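**Student:** Sequence:
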Amino acid sequence: MKIGFTCGVFDLFHAGHVLMLQECKEHCDYLIVAINRAENISKTINPGKKAPIFSVTERKLIMASCKYVDEVLEYNSEEELLEVLKTKNISIRFLGEDYKGKPITGEDLKMVIYYTNRDHGLSTSLYRAKLTDGNK
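Each residue of the sequence shown is one higher than the one before, counting from 663 in the numbering used here.
Among the hints, erroneous ones may be present.
Unchecked claim - Okay, derived cross-link-like pairs now, DMTMM-like style, lysine to aspartate or glutamate, Cα gap no bigger than 20 Å in a straight line:
| no. | residue 1 | residue 2 |
| --- | --- | --- |
| 1 | Lys762 | Glu740 |
| 2 | Lys687 | Glu759 |
| 3 | Lys722 | Glu740 |
| 4 | Lys764 | Asp781 |
| 5 | Lys712 | Asp760 |
| 6 | Lys712 | Asp795 |
| 7 | Lys687 | Glu733 |
| 8 | Lys772 | Asp691 |
| 9 | Lys748 | Glu736 |
| 10 | Lys729 | Asp691 |
| 11 | Lys750 | Glu733 |
| 12 | Lys729 | Glu688 |
| 13 | Lys762 | Asp781 |
Just so you know, the hints here were simulated from the structure itself, not pulled from any lab data.
Please read all numbers here as calculations on a predicted model, not as lab measurements.
Given only the sequences and the hints, what does the whole structure look like? Please build it.
**Tutor:** Laid out in structure tokens, this is it:
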């Protein structure tokens with residue numbers, strides 16, 4: 663069985679997330695999604711990024727309802743992420759195109775890296791801006 667893996671914050675679940683998960687599932691038999699608790703996202707992961715609106719419990723519940731997802735986990739650090747990558751027998755890891763050429767956690771592990779298509783232009787940042795700007 664080909665086990666696929668992706669991870670992220672997945673706040674404000676939207677069509678872009680669904681398209682990405684659908685693409686992932688087309689390349690594996692079983693898809694694991696790890697949700698970053700993002701407790702300190704602006705300090706540790708991505709300075710300038712806003713904290714999630716939904717709690718990790720809400721994000722996991724929403725993610726688990728997606729028909730392309732077989733298992734949902736959570737993590738809070740790159741060390742925890744590496745442990746998941748080592749113990750779950752991952753065959754293929756999915757990352758957004760924006761990760762090409764950048765160092766990634768677990769890159770030394772023997773698994774295929776597949777970069778998902780993001781040319782649909784949909785992102786949580788886009789929807790946050792629409793909500794903030796009154797949907798102009």
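**Student:** Check each numbered hint from earlier against the structure, then list the numbers of those it violates in ascending order.
**Tutor:** none
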